[in-house]
Structures are given as C-alpha cells and as structure tokens.
Amino acid sequence: MKSGCIIVKENANVNLEVRSSKSPFNIKKILGVILLAFFGIYAVIQLYPLFWLLLFSFKDNQEIFGGNVLGLPGVWRVSNYVTVFTSGNVGIYFMNSVIVTAVTIAVSSVLLSTCAYAIVRMHWKLNNVFLTYILLGMMVPLHATLLPMFIILRNMNLLDSYWSLIIPYIAFALPIGIFIMTGFVKGIPKEIEEAACIDGCSIYKIFYHIVLPLLRPALSTVAIFTFLSSWNELMFANTFISSDRLKTLTVGIMSLAGQHATDWGAIGAGLMISTVPTLIIYILLSDQVQKSLIVGAVKG
Amino acid sequence: MKSFAKIGSVFLAVSLVAGLSACSPASSSANPASASNQKVTLTFWNNYTNDPQHIMADTITEWNTKNPNIQINASATENNAYKLKIKTAIAAGNAPDIIYTWAGGFTQPFVQANKILALDSYLNDGTKDKMLTGALTNITYDGKVYGLTYNQQAGALYCNTQLFDKNGVKIPTTFDELLAAVKTFKSKGVTAMTVGEKDEWPGMWYFDMIALRETGAQMSLDALNKKASYNQAPFADAAGKLQDLVKAGAFSANVLSETRDQSVAEFTQGKIPMYFSGNFDASMIDASSLKGHVTAVKFPTITGSKGVDTEYLGGGADALAVSANSKYKDQAVQAIKFLAATYSSRMYLSGGGLPEWKYDDIDESKIDPLSKQIMSTIVQGSTGSVPAWDLYLTGNDAQTHYDLVQSLFGNQITPQQFAEQMQSKVNGNS
Amino acid sequence: MEKLLRDKKALLLFVFPTFLIFTTIIILPIFFSLYYSTLKWDGFSQGVFVGINNYKNLFMANTDGFPRSVLNSFILAVVSVCIQLPLALFLALVLSRGIKGERFFRTVYFIPVIISTVVIGQLCMKIFDPDYGIVNVILKAIGLGSLQRMWLADPKTALGAVFAAMLWQYVGYHMLLMYASAKSISTDIFEAATIDGASEARIAFSITIPLMKPILRVCVIFAVVGSFKAFDLIFVMTGGGPLHSTDVPTTLMYNTIFNRSQYGYGSAMAIFIIVECLVCTVLIQKAFGKDIEY
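Protein chains in written order, with our numbering: chain V, 14 to 313; chain G, -5 to 424; chain S, 795 to 1088.
It is worth saying that the hints were derived from the structure and are not from the lab.
Heads up, a few of these hints could be off.
Below, in silico cross-link-like pairs of lysine-lysine (DSSO-like), each with a Cα-Cα straight-line distance of 30 angstroms or less [as the list claims (entries may be wrong)]: (1) S/K920 <-> G/K180; (2) G/K220 <-> G/K292; (3) S/K920 <-> G/K182; (4) S/K850 <-> G/K77; (5) G/K300 <-> G/K220; (6) V/K138 <-> S/K797; (7) G/K265 <-> G/K160; (8) V/K218 <-> S/K797; (9) G/K419 <-> S/K834; (10) G/K77 <-> G/K138; (11) G/K265 <-> S/K950; (12) S/K934 <-> G/K241; (13) V/K203 <-> S/K803; (14) V/K41 <-> S/K894; (15) V/K199 <-> S/K1007; (16) G/K241 <-> S/K920; (17) G/K321 <-> G/K124; (18) S/K1080 <-> V/K138; (19) G/K182 <-> G/K285.
Hey, can you work out the whole structure from these sequences and the hints?
In structure tokens, the structure reads:
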C-alpha cells in the first residue's frame, strides 16, 4: 500500500531496534523481531478492511453477494464512482459535511477543554457532581432521544438547518470529550500553573498560554473522535434534515440504497469517498499527538 | 456557588415546561387556506432514494410545471431511515403535507391518532372509477379511505427454467410436486429455494403464502381481523408444510443469516431454481443475465385444502396520504390524485410495481415482461387475495409474527406451538 | 493561585455554555423518556398512564427476552475489559516507546474505527460466511474442519462471532487514547529510568501504566458503557437474530420503539440502560480510587 513509504521516513525518538543492536545475539533482539513480526501481521489484519472496501467499491451485487466476495473484481467498475458523482449533489453534500463537522469540532473543543479544566482544577463544590451529570450524556441510548430531540429542535425552530445537526453533535461530543480531557488535565503537574500564577497571570491567560498547549495531544485525540462521530452520523442527519441542499455526505451515500433494490457497489464507492478525508484527518491529528512529545518535554 | 445552582435549576424548570408543553401538536398549522390563486408549496416526503429511472422525480417535475401555483417540494430518505423519520415527525405533529406510506398496519396508528386526512369527500368526482376494484381496501379504516394506493404487491414463484430443464424437473403445481422437486434438486447438489431470513419478512412471505393455500383467503383474513383463531389445524398445517421444506433441505443451511439482497443475488446468479417473493423483485430479475429464463408462476396448491390457485398473496401496498395538519388540504389531495395515478402506470411499465389504477392507455408492449406475466396470470381473474401479513398487522403483532416464522425456519418450535402462539400473542393481546 | 481558581466569573464562563447546551439537548430528552416510560403509548395516540408497569415488564413476566439481552451486554463488557483493553494497552505502550514505523502502525491500527460500520458489518458477514468465509476456510485448511460452523446462522455461535467483530473493531479506539496518554508523559522520566538500567517491561509496569491511570479509567468506563450501549455493528450483522440470540438492550429497544411501536415500554428500556451505565460508572470510579498526586 501507499503508506509503506511512511516507514522509511519514520524517525522515532526512541528506537527499539537501535538500542538492542548495541549487543547483538541477545534475547532482546530476538524479542524485537518477534514483536515486529506481530505488529506487521496485526497491521495486515487492520489494513484489510480498507483494502476490501476498495475492491468492494469496484464490484456489483452479483460479485458482492457470493459471486466473488473476497477476490479482485472481474471488471473494475469505475461506473460505481460515476454513479455516486452523478446521483444527487455529492459536492454539496460533501461541503455540508465539512461545514457541520468543522463547526462541531471548533465549538466543542473550546467548550470541553474549558469545562474539563474547571472541573479538575477550579475550586467549587459541585465539580464531581457536575462531571457525573455530564457523563450521563455518554449513557443515553441515541435512538430513544430521537423523538424528544425532534420536538426540542422544532420548538427552537432549528429543524432543517445546519444547527439541527451541529447542536446535537456538539452536545454528544461534550461528555466523551470532557471525560477524556479530565483524564489529561489531571496529568498536568500543578507546579506549572502555580509558577505562572506567581508571575501574575490571570486565570484566562494561564488556561490559554499554559494549559491549552499542554492539552494539545488530548485535544487532537478528542477531535478525532468528534470528527468520526459527526462525520459518520446518520440517524439525526436523516431525520432532522429534509432539504436536499443541506444533506450530509453519509445521508447522500445511503440514499443510494432503495426499498427493494440496493446497488451495493455504488454505496461502497461512496463510502470510499467519505473514508479518504477521514483517513487524512486522522493522520494529521494523530501526528499532533506524536509531536506533543516535544511540548511535553518543556517542563516546569 | 449557590447562585450558579439557582440559575441552573431555573433554566431546567423553564426548559422542561417549554419542552413538555410542546408534546401537543402545534395549533398554528390548523387553519386551511383555500384561496386558489395563492401560490402554495406542498412538502412531500417519500423513500424513493434509489429511483434509477427517475419515475418519482419526473412525475413531480411534471406536476410542478403544470401547476405553477401548487409547487411540490419533495424530500427522499432511505427506506429504513424513512420509517424512523416519518414516525417521529408525525408523532411530533410535524408531518409533511403529503406522506408516502404503506397501507395496512403501518398507517393504522396514524389514522387512529387523527394524524391523517380522511379522503372520502374528495373521491366522488370519478376518482374511484379510475381505480381498480379493491384498490382502496387496505387503506380503508373504519369505513373511511385515508390514502390513495398506486402500487400493489403480488407473490409469485419465480422459476429458473434453465435449471429446471437441465435437471429434468417439472415446474410444480402442487405442494407434493414442490417437495419432490426440492428433493430432486437436492440429490443433484442444487439448493432448491432461497430466502433472506435474516431480514425476517422474506421468510414470512413463504409462510403467509402456504397459509393462504391451506386456509383459503377468507379464513386467513378472518384470523388477521381477529374474527377467527390462528389456533386451527390449517394454520398449524401450513407451519408444518414450511418446516417440511426446511427439513427437506429446500433452503441453504445458513438461511437465518442470509440477507434478502444476498438471496436475490443467488437467484439472479442462476444458482437457485426457485424463489418465492413479491412482484417487486421482477425488475431486478429482468435486469440480470437471467432475463428470459425466468417464469413467474402461481404458488403450488395443497391437495385437499381449502385454498385455490386463483387466490394470491398481495394487494395495495404503497400509498400517498395527506396530513391532517396540512394547511393546504385541497391542493394536497389534488396533487396525490395526479401523483398516484401517474406512478401507478409508470411503475408498472418499469417493472417496479403492479398497477392500482386502470391502465388501458399504456402501451402493453413496453411493460416489463415478468410484471406483465404476474399481472395476467396471478392478479387478473383472481378470486381473492390476502396482503402479506406484516402489511395487515400493526407493528408489534407484525414483529411477533416475523419472530415466530423465524422460529419455524430455525426449527425452534413445532407447528402446533406456532399456531398456539400466533393466537395467544397476536390475537390474544388486543 | 487559590484565589484565581475560585474566580466565579471565570467558572461561569468555563462551565455555563456547556451546561446550557448539554442540558437542553441531552438531559431534557432523558426527562421526556422518563415520562414516556410511565405510559402505555404507541407514539401517536393518547398515552395511558401505567405507572411502573413497563419497568416490571422488563424483568417480571418478561416475554421479549430483555433479561437475556442485558446478560449479553454484560458478557460483552467483561470480554471488552479483559481482552480488548489489554491488547490496546500493549499496542499503545510499544508504539509510544517508538517502534520502527510508529506512524505507520498507529495509522493502520486505527483503520477499523475509521471505516463505516456498514462496511465492517458487511465484511464480517463475509468472513463468517459458512461457504466461502475465511474463518471456515482456515479451519478446514489446518485440519480442524470439524470446528466449522454456520457462525452467524447458528444461535449458539452468533453471539461469539458478533462480539469478536466488535472487540476487533474498537481496539484501535482505545489504543489511540492510551497512546496519547503515554505520549503525554514527560520523556525525562523515561530517560532517567533507562539510565538506571530498567527493562522496558519494568518501565511500563512501574512508570508508564501508573501514570496512565486516569486514562485507563476512562478506557474501562468507555468499554463498559460502550458495551451496554452497543448497537451499530450488531444491528448490521445480525439485527439481534438469529432467534434473538444476539439481542442486546439497545437492539431490543430500537425494535420495541420503532418496529413494535411500544414507545412507553421502549423508553423504560432506555431509562434502564442509563441507570445501568450510571451505576457501573460510579462503581468503576470508586474501584480505581484516588489519582496519583504529583
């Protein structure tokens, strides 16, 4: 696969191979090889779905259901991709997904990082109660909220608008994000903030200049999860949006399925198209996580 | 931090009141606007997402061009998501003006909750005469009509003539011949039938059809209407017949995990000689390489039982209804009359459905061949029909029926238990 | 510092927007569900107040297999914590210490989380297919043909097959969390330990893992709550079947609300799931005890 070249560029900070090569023929080296073999095999397993989706997106129903399930497509049906691009307004759907997801990530990142900081660090009586209250959001089975949320959004006059997706997505990103964040905020040594406090910083400055940079790996991680859940969300997007010009990409893709006949190859092509941006976002954001090592080294 | 808690609780109380009072339908949408010169826009939700021939879209465009003052604004949602969406919107009192719906049990709760407009007063302008006999039966509740059907279902046994010829098997006309055919195919290493029982409803079609042949249309309808018991010999016998097929190896061994898409693909790949399903599969079969090698025949009869071969499983299914909360009821009814009549013919032509409206004016030669065969051999000249039971039964009962049929496929219950449980769980819980 | 951290204006600014959105969009619907759960209601017509009858029906005189679905979700929670998390932790620890190809592995291991559940579901259905599925093919190839099963069609094996797929899909999710946490640990600590000559395993067990405790707790809670709320992959792969053998509370709830039109009873299931998750979360929080102070 194309990711293979990444290995070459890889520049790990602490390299097992390098360290164990100091003394050849030792157990460490053998273990290192076994480890690498394990990681390699596991990588193949994890990579397979993407590969399979790629093949899937070039097949037709005959091949997908029994004719040729796992092998290469007999004919590479580029027409599946043509179908996706010509049915409905894929360009608009894509932009809608980008807008909804971007706003969701931006707003939720601000809210959940401030909130997590307030819960862990600030002194108020209800911080634990509040955390539990927020955690309730993780526990709600989504389908049960469909009707109540529809009613609430209708009363706020938000149905069939970007906000009817953005607001629920933010709301559901908050509990998971805050919970992860609190775990990270706890890991920041208090001394750093205290040092800043002596220098006369305000709480906002401490948060913005000291805490936030240290939370970058956590924020990136949370952003990945928020991205995934809002980018792929289907039920709200189907129910709260009726106008074609506001539909999101996943809804557009699932629209290729019909009541009596579903062209699975085209759906595969659509899913492939929506997966690529996800993969790119993931690589970019998780590089942030890795880079944070350097930030973490700047220690007070 | 007390002040903060106070703000919070006030906010919570306010929003709760606002939210709960919202449960009652909005009152603002109730005044009918009747000025005919005023330009109105009707909202129309449907599930026609995969509409390769643009039947739905073209018909709407046609209407919008002809009626500049009554514009239809349509929104299509994928089938399963559509069910969630329309139920949620109707429950919240936010239904579109025109609703795509399924006749029978799906629409019944909406009707009972007064969410759907009764159409009787609108239909005496000759509309009924344009429709086929019995077209409105499944969408009539307590003697009132609540929608216009435009498409009906009919069950047919699709037979792959190539496989029949190759294996020297005759297309069965009685159940005994069917069982014999299953065994012959089996002995030659061919699985005789296919069904996507993971999705539950395809297997139900098999059972409901066998039941119709065992009981005859009247007894099935009586039981569905709770006027007769399911716990009678013919229903148990029907369950026994289905299990006979299962035990004879008519279906593949992983029948419980096969999806319906999978089963259709197996049939169109030419691996399976027989497939009992609705006419809605006709266009898919005619679009495959099997075209011309498939015949759609009546389901075999059962010797010594009440059912006759002129009865079929099916009836009016897809329908258009008007929301009782619509601001523009007259215009909406006007629109669905046009839409339903037009779809009826166009879907028949394309092989997507069987007509509910008279179709004398369409070019017979252009009709999808399998659909035409089903219409002429199964529907025309029929003496009775029973809808697939999930169309007739409401949500909970339909689901129970699905589950029990699946238990038959999985050999989890005996035919006798099946009949008893259908009676106690479906007819007994009203 | 103390004074700053007691700044009420700042606190309000930090907390209130979250509180507002969260309460309106998530807590309010819970109250709706709580109210619905006391009704016999089809979602459309006038509901009838039945008190706690719906809750009674969940466990007493139950006919739809709810207790069994709860048991299924508990089994899933246990295997998640015992198998999925240790595997994720192992991957995260090794990756964060810098193995050759860290970036490549980190990317690839997350792929099953990225790919739509619809696709993963379709793929797993193929993998478990009795005729051409890779599971049976491998079993046959290594001479264990007698272990071949109709994995998803057999009520006895379907649950295991679905769970295996679910565990596999989300290993990457937990790995990423743990990886980010391990990466946040200052390198100074590792350098000091390495100079002292501690082995990698020792460093992991006595330094890294204890410092990751807050995130490990997050992962355990996610795994448990996620198991109680599991829906997507089961829905795609089996829909709760065959013969209800793979039903979990959420698939049953979905079916009850949207297919059986028993909105009241389905809402009672929703409330049960919330309470179940809440109780377990509190218990897990307690079990993890106090955090290490720096």
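- Message: Does S/K920 sit within 30 angstroms of G/K241, going by the straight-line distance between their CA atoms?
- Response: Satisfied, since the Cα-Cα distance of roughly 25 angstroms is no more than 30 angstroms.
- Is it true that the CA of V/K218 sits at most 30 angstroms from the CA of S/K797? Distance of about 15 angstroms is within 30 angstroms: holds.
- Message: Check the hint pairing S/K1080 with V/K138 against an upper bound of 30 angstroms on the C-alpha distance.
- Response: holds, 19 angstroms
- Message: Can you confirm whether the C-alpha distance between S/K920 and G/K182 stays at or below 30 angstroms?
- Response: It holds: about 26 angstroms lies between the C-alpha atoms, which stays within 30 angstroms.
- Task: Please work out if G/K77 and G/K138 have their alpha carbons no farther apart than 30 angstroms.
- Result: The hint holds at about 24 angstroms.
- With a cut-off of 30 angstroms on the C-alpha distance, tell me whether G/K321 and G/K124 pass. holds, 27 angstroms
- 30 angstroms limit on alpha-carbon distance, applied to hinted pair V/K203 and S/K803: holds, 22 angstroms
- V/K138 paired with S/K797 [C-alpha distance capped at 30 angstroms]: holds, 15 angstroms
- Query: Is the hinted pair G/K182 and G/K285 satisfied, with a Cα-Cα distance of at most 30 angstroms?
  - Reply: Distance of about 24 angstroms is within 30 angstroms: holds.
- Take a quick look at whether G/K265 and G/K160 sit within 30 angstroms of each other, Cα to Cα. holds, 12 angstroms
- Take a quick look at whether G/K419 and S/K834 sit within 30 angstroms of each other, Cα to Cα. The hint holds at about 17 angstroms.
- Going straight from one Cα to the other, do G/K265 and S/K950 come out at no more than 30 angstroms? Between G/K265 and S/K950 the Cα gap is close to 28 angstroms, so the pair holds against 30 angstroms.
No hint from the list above goes unmet by this structure.
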